[in-house]
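From first to last, the protein sequence lines stand for chains A and B.
The numbering of the first sequence is full-length UniProt numbering, which starts it at 1 and goes up by one.
The numbering of the second sequence is full-length UniProt numbering, which starts it at 1 and goes up by one.
Any given hint might turn out to be false.
Same chains, same names: a pair is fine if it fits in one copy or spans any two.
[As the list claims (entries may be wrong)] Calculated lysine-lysine pairs in the BS3-like style (CA-CA distance at most 30 Å, straight line): (1) 186 <-> 118; (2) 114 <-> 186; (3) 4 <-> 118; (4) 113 <-> 239; (5) 113 <-> 186; (6) 159 <-> 210; (7) 118 <-> 239; (8) 239 <-> 210; (9) 4 <-> 51; (10) 102 <-> 4; (11) 51 <-> 239; (12) 159 <-> 4; (13) 113 <-> 102; (14) 210 <-> 178.
Simulated from the structure, these hints should not be mistaken for laboratory data.
Small disclaimer: the values here were computed from a predicted structure and weren't measured.
There are 2 protein chains.
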Amino acid sequence: MRPKIYLFGDSITEDSFCDGGWGASLAHHFSRTVDVVLRGYSGYNTRWGLKVLERVFPEAEGGGDGVDADAPLAVTVFFGANDACLPDRCSAFQHVPVDEYKRNLRSIVSFFKKRWPKTHILLITPPPIDEDARLRHPYVENPSNQPERTNESAGNYAKACVAVAGEFGTPVIDLWTKMQQFPDWKNAHLSDGLHLTQIGSRVVFEEVVKRLRDEDLTTETLPVDLPLISEIDPNDPMKAFQQ
Amino acid sequence: MRPKIYLFGDSITEDSFCDGGWGASLAHHFSRTVDVVLRGYSGYNTRWGLKVLERVFPEAEGGGDGVDADAPLAVTVFFGANDACLPDRCSAFQHVPVDEYKRNLRSIVSFFKKRWPKTHILLITPPPIDEDARLRHPYVENPSNQPERTNESAGNYAKACVAVAGEFGTPVIDLWTKMQQFPDWKNAHLSDGLHLTQIGSRVVFEEVVKRLRDEDLTTETLPVDLPLISEIDPNDPMKAFQQ
Numbered sequence: 001m002r003p004k005i006y007l008f009g010d011s012i013t014e015d016s017f018c019d020g021g022w023g024a025s026l027a028h029h030f031s032r033t034v035d036v037v038l039r040g041y042s043g044y045n046t047r048w049g050l051k052v053l054e055r056v057f058p059e060a061e062g063g064g065d066g067v068d069a070d071a072p073l074a075v076t077v078f079f080g081a082n083d084a085c086l087p088d089r090c091s092a093f094q095h096v097p098v099d100e101y102k103r104n105l106r107s108i109v110s111f112f113k114k115r116w117p118k119t120h121i122l123l124i125t126p127p128p129i130d131e132d133a134r135l136r137h138p139y140v141e142n143p144s145n146q147p148e149r150t151n152e153s154a155g156n157y158a159k160a161c162v163a164v165a166g167e168f169g170t171p172v173i174d175l176w177t178k179m180q181q182f183p184d185w186k187n188a189h190l191s192d193g194l195h196l197t198q199i200g201s202r203v204v205f206e207e208v209v210k211r212l213r214d215e216d217l218t219t220e221t222l223p224v225d226l227p228l229i230s231e232i233d234p235n236d237p238m239k240a241f242q243q
Numbered sequence: 001m002r003p004k005i006y007l008f009g010d011s012i013t014e015d016s017f018c019d020g021g022w023g024a025s026l027a028h029h030f031s032r033t034v035d036v037v038l039r040g041y042s043g044y045n046t047r048w049g050l051k052v053l054e055r056v057f058p059e060a061e062g063g064g065d066g067v068d069a070d071a072p073l074a075v076t077v078f079f080g081a082n083d084a085c086l087p088d089r090c091s092a093f094q095h096v097p098v099d100e101y102k103r104n105l106r107s108i109v110s111f112f113k114k115r116w117p118k119t120h121i122l123l124i125t126p127p128p129i130d131e132d133a134r135l136r137h138p139y140v141e142n143p144s145n146q147p148e149r150t151n152e153s154a155g156n157y158a159k160a161c162v163a164v165a166g167e168f169g170t171p172v173i174d175l176w177t178k179m180q181q182f183p184d185w186k187n188a189h190l191s192d193g194l195h196l197t198q199i200g201s202r203v204v205f206e207e208v209v210k211r212l213r214d215e216d217l218t219t220e221t222l223p224v225d226l227p228l229i230s231e232i233d234p235n236d237p238m239k240a241f242q243q
């Protein structure tokens, strides 16, 4: 059985298999070693994510002895962009107060730690927000002409996410900070002020690969599924398949 | 449990999660309905594919009652490009005679039909070959200056694949014929005379989606995993999660 990495999050996860998306890039990177499994739910915040956790990750049948043979190598938890919608703007129904966001993230991490004690949990903060672009690309009617998300608010959720990771000692990608280190992040990394361009997706992909490498999860260390063509002897190809 | 579609084949399958690849496009297309699972093995022919079949698709635990809960919705079987290497050229060790290719394909299809009686099996023929490009992009040393694959030979394997599909009454994508209907197929569809460009990958993606649609496997007919954001009532979001 090939090991798995789950990608759990909102639309930035659900869309991660579009052309040049970070999920597809991970699947390509690990094409002979890991199944990258998509569990992205557009528009979801941590309140809804927490509510559906047992349905998204049902307990493996035949479990109960404390060992889940289906335990993934890793799971990315990438929420906050929707929680950070402002409570008095046009996407208020997705808003979750930052204190509840922290509690929800803690509950999600605790769930995974209990279910899969050896699985690496990787938190990812929401990305920064380009407020002007959010006004140019509304998702719903927005008569107020004020962006439904601000970069400052997203930053508060990013800080909360980093803090929760610190409490658990799990790795975290502070995407909000990382992206803003690039001078042209608004145009280079974001397609509509929130979702990722191919270059923005590349940042996430490279950061995830780096954090997995820190946990020794690399294409060099993980077992390769079946002999590579380079390992097959042209003079006796079937020898490679005897084991 | 979300249903699966397996992609089983050679490098054209293994590489299918690259930017704009047909596997990634399928995963994106079915992002809330199906797990698209990559089982591509670069350089493999049907002889090797048949040899490893039980290891690639191990019997589900707790089976034996004839019903495999892990049965996928569909599996694509996409071999032949390596079988079609000529027996007297530089990649001869990958060559499989066309009669054996047919027998191997039959055995692979029979394996799936026995293991998963309700699973849709979709055969895909090898693509056409641009022989000049094969000389410009050698994979191994090629002192003969003759291409290791010819378009004519690939066409014979494509015909054999179509014939096997006909014997079983399973759908087939005749990629060899389909691609050559485009005037500029050599440049538009192939990157090195064999592997697919993004446009070539698009052809495969669209054909696979079309054949799955013929079997009633569409994003409209398959159950969606959890409520879509459009189904969540902004005035009472949690209602959508009561079930």
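Ascending list of hint numbers which this structure does not respect: Numbers 1, 2, 5, 7 and 8, in rising order.
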